[in-house]
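Both chains come to you apart, so use the hints to assemble them.
If you're matching them up, the sequences are chains E and H in order.
Residue 326 in my numbering is what sits at position 326 of the first sequence, and the numbering runs on without skipping anything.
To convert, count from 1 in the second sequence and add 1000; that's my numbering.
Certain hints may be false.
[Claimed, not checked] Listed next, the in silico EDC-like pairs over lysine to aspartate or glutamate satisfying Cα-Cα at most 16 angstroms (straight line):
| hint | chain 1 | residue 1 | chain 2 | residue 2 |
| --- | --- | --- | --- | --- |
| 1 | H | K1285 | E | D375 |
| 2 | E | K348 | E | E27 |
| 3 | H | K1225 | H | D1149 |
| 4 | H | K1263 | E | D375 |
| 5 | H | K1395 | E | E261 |
| 6 | H | K1309 | E | D2 |
| 7 | E | K143 | E | D225 |
| 8 | H | K1285 | E | D367 |
| 9 | H | K1395 | E | D285 |
| 10 | H | K1309 | E | D4 |
Derived by calculation from the structure, the hints in this document are not laboratory data.
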Amino acid sequence: MDFDLSEEQQLLQDSVTRLMADRYEFERRKEYAKSAEGFSLPLWRQYAELGVLGLPFDEAHGGIGDDGVGTMIVMQAFGRALALEPYLATVVLGGGLIQHAGNAQQRDDILPKIADGTLRLAFAQTERQTRYNLADVKATAKKAGASWVIDGEKSLVLHGDSADKLIVVARTSGAQRDEKGLSLFLVDAQTAGVSRRGYPTQDGQRAAEISFSQVALPESAAIGDIDAAFPVIDRVVDEARAALCADAVGAMDAMHALTVEYLKTRKQFGATIGSFQALQHRAVDMFVAVEQARSMAMLAAMTARDEDAEVRRKSVAAAKVQIGRSGKFVGEQAVQLHGGVGMTMELKVGHYFKRVTMIDTLFGDADHHLARLADAGGLI
Amino acid sequence: MDLRFTDEEIAFRKEMRAFFDSALPKDIRTKMEEGRSLVKDDIVTWQRILNAKGWATPFWPVEYGGTGWSPMQQYIFLEEMQATPAPQPLQFGVNMVGPVIYTFAKEEQKAHFLPRIRNIDDWWCQGFSEPGAGSDLASLKTTAKRDGDHYVVNGQKTWTTLAQYADWIFCLVRTDPNAAKRQEGISFLLIDMKTKGITVRPIQTIDGGREVNEVFFDDVRVPVKNLVGQENKGWDYAKFLLGNERIGIARIGMSKHRIHRIKELAAQEFDGERPIIDNPRFREKLAAVEIELKALEMTQLRVVAAEGKREKGRPDPASSILKIKGSEIQQATTELLMDVVGPYALPYQTDQDVGWNEPPVGPDWAGPIAPTYFNYRKVSIYGGSNEIQKNIIAKAILGL
Chain E
1 MDFDLSEEQQ LLQDSVTRLM ADRYEFERRK EYAKSAEGFS LPLWRQYAEL
51 GVLGLPFDEA HGGIGDDGVG TMIVMQAFGR ALALEPYLAT VVLGGGLIQH
101 AGNAQQRDDI LPKIADGTLR LAFAQTERQT RYNLADVKAT AKKAGASWVI
151 DGEKSLVLHG DSADKLIVVA RTSGAQRDEK GLSLFLVDAQ TAGVSRRGYP
201 TQDGQRAAEI SFSQVALPES AAIGDIDAAF PVIDRVVDEA RAALCADAVG
251 AMDAMHALTV EYLKTRKQFG ATIGSFQALQ HRAVDMFVAV EQARSMAMLA
301 AMTARDEDAE VRRKSVAAAK VQIGRSGKFV GEQAVQLHGG VGMTMELKVG
351 HYFKRVTMID TLFGDADHHL ARLADAGGLI
Chain H
1001 MDLRFTDEEI AFRKEMRAFF DSALPKDIRT KMEEGRSLVK DDIVTWQRIL
1051 NAKGWATPFW PVEYGGTGWS PMQQYIFLEE MQATPAPQPL QFGVNMVGPV
1101 IYTFAKEEQK AHFLPRIRNI DDWWCQGFSE PGAGSDLASL KTTAKRDGDH
1151 YVVNGQKTWT TLAQYADWIF CLVRTDPNAA KRQEGISFLL IDMKTKGITV
1201 RPIQTIDGGR EVNEVFFDDV RVPVKNLVGQ ENKGWDYAKF LLGNERIGIA
1251 RIGMSKHRIH RIKELAAQEF DGERPIIDNP RFREKLAAVE IELKALEMTQ
1301 LRVVAAEGKR EKGRPDPASS ILKIKGSEIQ QATTELLMDV VGPYALPYQT
1351 DQDVGWNEPP VGPDWAGPIA PTYFNYRKVS IYGGSNEIQK NIIAKAILGL
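One chain only, chain H, in its complex shape (with noise of 0.2 angstroms):
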């Protein structure tokens, strides 16, 4: 047992944290910092950079245009780039639906998809979701009925993350209604969000933003030929996909950003005399979270020690751990930065609704905290709320 980085794996950092110092256009990375909105063309231009050093898809197998790294490297990539701080590349496409296709798609579904992936040049979004069926997936009813060479989709889901920007949405659909279990009757669907029938509304958060939406399905007709695997299979690539996405999942190294934007505002906000850092109990509040944090980073880092042994495709069910606390601490420092900005996070001054074009109301930096903070609650709610991860956690590991 050695908890030392080994000098190769220090050598690594150096050249992550050099590359995205480098190579992150400033006016992105302001936006990160301060924690306003991207727009799509953000996120693109970001992608494309990545791509064109080879690293927009780095935990791909190298024969899709992944880069070999180790766990270890892999997890140093991300912290590094969460810790910039970058924006992650299109996780709809590089974690979720990009894997999905190299693992269970026919070859010129891999031919066509993965390069437009890497590059982002098609942008995906997410079709699980559906107004009655959120933790319960399984109970999903958009349908998908066989004509010819064609299904016919009918349906709505929900949730969908910056659908306004997609160009395809990968679906799950039920193709067997008479499956004698759920989970049976489901498909995996590629769709073009251009086809016709297809609405999307967005839906507006509490904090105010317009991230999320429902996507409606009206007779839309999707070839055949866009059927990821087999037909009814869907639920199998569905929880390969859920399960895949475990380095990463705790956002260490956004949070690590986190607390240093915290300590840098605490120190220059007064309350009376003195800086809201140098109130003890502030700071206490504060050093509870970053030994949280710093626990969660010795936990993610067992994890991924450990990940190079595990047998291929089954996640440790110790990543729901991360998922939990990673939530969690993400919340608590969104929570300390409404600490920090006091009173002044009463404006409403967004610029993701109307626009915000007028002079700022208090500090300069106080608009996007309170919107934050409400957005946050998100965390601990997507990707299986942490309730699902602890009925997760008492079945896979316990026992219970």
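Just chain E, with the same shape it has in the complex (with noise of 0.2 angstroms):
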């Protein structure tokens, strides 16, 4: 058992780390949100020049095959910068379904692209009615000649109104819940009968309703075999949900040494704020939360492509209630510790409350693995 980086890993944190610090100036972030797309597409590019984007993939795919730690570590430093890219929409849920669904051709023709920067993608899975159940999806997919064709609405689509390609979940067979009878598709985002509605985040991404009216396709864009899907998509939103883990560590981080630092700054009744014990023990137990969530961020990293789809799912379902308990703890302290400025817009810290408060939210919240959890036995 090693904590310590290895020595690519170290270099991979440093260079991140030092793009972010160089290029994600608070002021500046505010200029990326306001673009057409959302965020930034020269920094898109040097994410793409510093090997970022194909982290996951093999080498014959322009990757390094990284185990999780890669991505814990470039999620970390996006999350304390709050970076606004589609690193997740389009690695770690697009490239991830490509790679461990797609056949080779598929491979070969997405991944290069999506490691060197020239092709987003967006994972169009989420329904009216589907909350966190991945397998409640009424979108369908029906075979007409040698071609298929979509109809159905998607929702909150993350970065989906930016993206080239979409992978769509649709029902190919089975009823509205059931696992089985689940498929992906790759469509184009300018393919007839797609119609995208973009729009903000509360946490100043962007999201997309999207919907697919009589979408043909050829029979090429089914992604792995039909009906069997499932498994897939639960193991890459597991992926998923391992990367969000470390995004709000590094967050949560942000937060807390903005506080402390607060702390030692802010004067009242004659005395910096942070000499009062009942201030400096929320910022302990702060710490304690973030370190807690830390710890389990490095499980999920570690467990998010483990063999044993048991193992999987119960490590990332505990680090995602933790991650959910701890952000809103953090988030909500940090806010409160800073009084009055910490409710402003032009403050940073407010600004990672909203996206740790969105991550909760985003493929279950802390509630549901909580019950998922303790339904599937509990994890010692």
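As structure tokens, then:
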């Protein structure tokens, strides 16, 4: 067991951290958010140059075959910077689905383009009724001659408005909540019958409502085996959850550091407020919450690719609970200890709070995963 | 970074588990599993089994009878021992006074005391706290006045765990009442409990147990050769002692055992048609504790992995997290057992006081559950209360 970063991992951390420090100053982030895509395209290309966009792919596809730790390192740095780029949507979700479910042709076609920054993906899974049940899918794909025809409404598609291609979950058989009967399709966002409505999210990112009306696709658009997509969706979403845990830890780290700094500088009653024990203990409670979250984010990063699906599911669910609870506590207290200024858009701390709050709602909140874990007989 | 245990670590764990399973006497194991009190003989018997194997003091330097294990191996040893569940060797000797002796004491003190600590030939107790000196330990008042080749000790210690069994007590005493700083006039003294003038009076705790005591010193004459290190430097040795117990303080293995026990009992105790374990609300409470425990285990492993890289004798301030969270989780497991036992928490059927020789009221495992819950309120108080731990983190880590 070893918690030290390898030389390559250290290098990755240093270079991403440096890039974010140089290019993600808070005022600049506001500019990125105002652009048409809602993030920085020039930075996206720089991520590609750093090798970050191909991290989990094998070398033949422009990657370095990361086992999860690299993704954790990158996501923590992104979390600290409140990065807006569609890394989760494109690399972790889109790339993950192609990597694990795609055939050789699809992997050869798509993964190198993700890695070199020329192709961005989004994962169209959630529907109005879905909440956190990955199997709850009404959208259909029906065979018509040599084509697949997709109909349905997808919701809350992260970065769906700017993606070049969408990976759509559609039902090819079975009832609405059956795990069996789900299939994946790769759809060019410009295909006739696809209409998208993009909008900003609470945490400054982007998402889209996407409707599919009689969208005709060639047979080759199917990714993986028909009717059998659920296990791979489950797996890739676990990888995304692990990545979000790391993202949240980066945000919590930053919030906690800002708060401690504020306690050391803000004066009231003739003293720095950090000299008051009530506030010191609150800052310590935050610290403990962050460290517990960091521990679980590490566990999630290491087990998200575990071959044993049971181990993977339980560890990731547990991590998501911990991150949800720690994030809520650290975020709320960071605002509280900043007092009035913590409430303002001008200060970064509130933006971190919003980010961790939204992360909890992505792919199952703390209550959802706690119930899941409890039903599965626990962790110990 | 690789969170998998190495093949060597896995093999080591197996070796530990196999030994504990076969070597722990059955009656002691049963008491541990059921949460019943151990008597002196149980602790002595087990520590001597460990010592015969060379494992009573695995953390000590090899020259004093340690094993030379890595911090990770030490952690695995402790976790497996707790999870068996087996008692730990007597901490007052093994983890507290032992390291102080081999680090600061004279050669003849080492030669005399260390082998006896390993084999628990001497039962040690700790004389730090006083009625007016709890978290504020430096305000202690017990005095030791030099009289020829003796110190004459007067005063009172309290919360002295298992002093009723003790052969020796290590004490912080004030040798210089005029020192500029309170911390500077304190010495570290080893005192034979059979010395004239020592009185031990038990304190009964809210669970009904009598594990702690008051110890009174009335003109107790202690040979000067029983001073450890230098006179008036005792505070340094005490700080060393208090910072010394890091690995195992979170008691992860013990809490894991408790979780298994809770699941086992919650599966056999029914509420109407269904066992308690099938009550979603209970199950979620339990799962929440399991998650906290898993997170703490990872945090503990991070501290252990960093242990070898740290400057010797400088504890990781993160170990304060282990104390805070570890105690909270231990308490949470006792609360879950209260949930399981339900109304049969009520009968007071203790075996510690007047004895209980009647048939059990309710399920035969119910007896110790409420007392354990009451008793475990101590774990967030002793060894530096959790509020003190927060003061330490605020200062040492956050710089507040």
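Here is how each hint holds up against the structure:
1. H/K1285 / E/D375: holds (12 angstroms)
2. E/K348 / E/E27: Holds, at roughly 10 angstroms.
3. H/K1225 / H/D1149: holds (8 angstroms)
4. H/K1263 / E/D375: Roughly 13 angstroms between the alpha carbons, so the hint for H/K1263 and E/D375 holds.
5. H/K1395 / E/E261: holds (13 angstroms)
6. H/K1309 / E/D2: OK: H/K1309 and E/D2 at ~12 angstroms, within 16 angstroms.
7. E/K143 / E/D225: Holds. E/K143 to E/D225 sits at ~14 angstroms (cutoff 16 angstroms).
8. H/K1285 / E/D367: Since the Cα atoms of H/K1285 and E/D367 sit roughly 11 angstroms apart, the hinted pair holds (cutoff 16 angstroms).
9. H/K1395 / E/D285: holds (14 angstroms)
10. H/K1309 / E/D4: Distance of about 11 angstroms is within 16 angstroms: holds.
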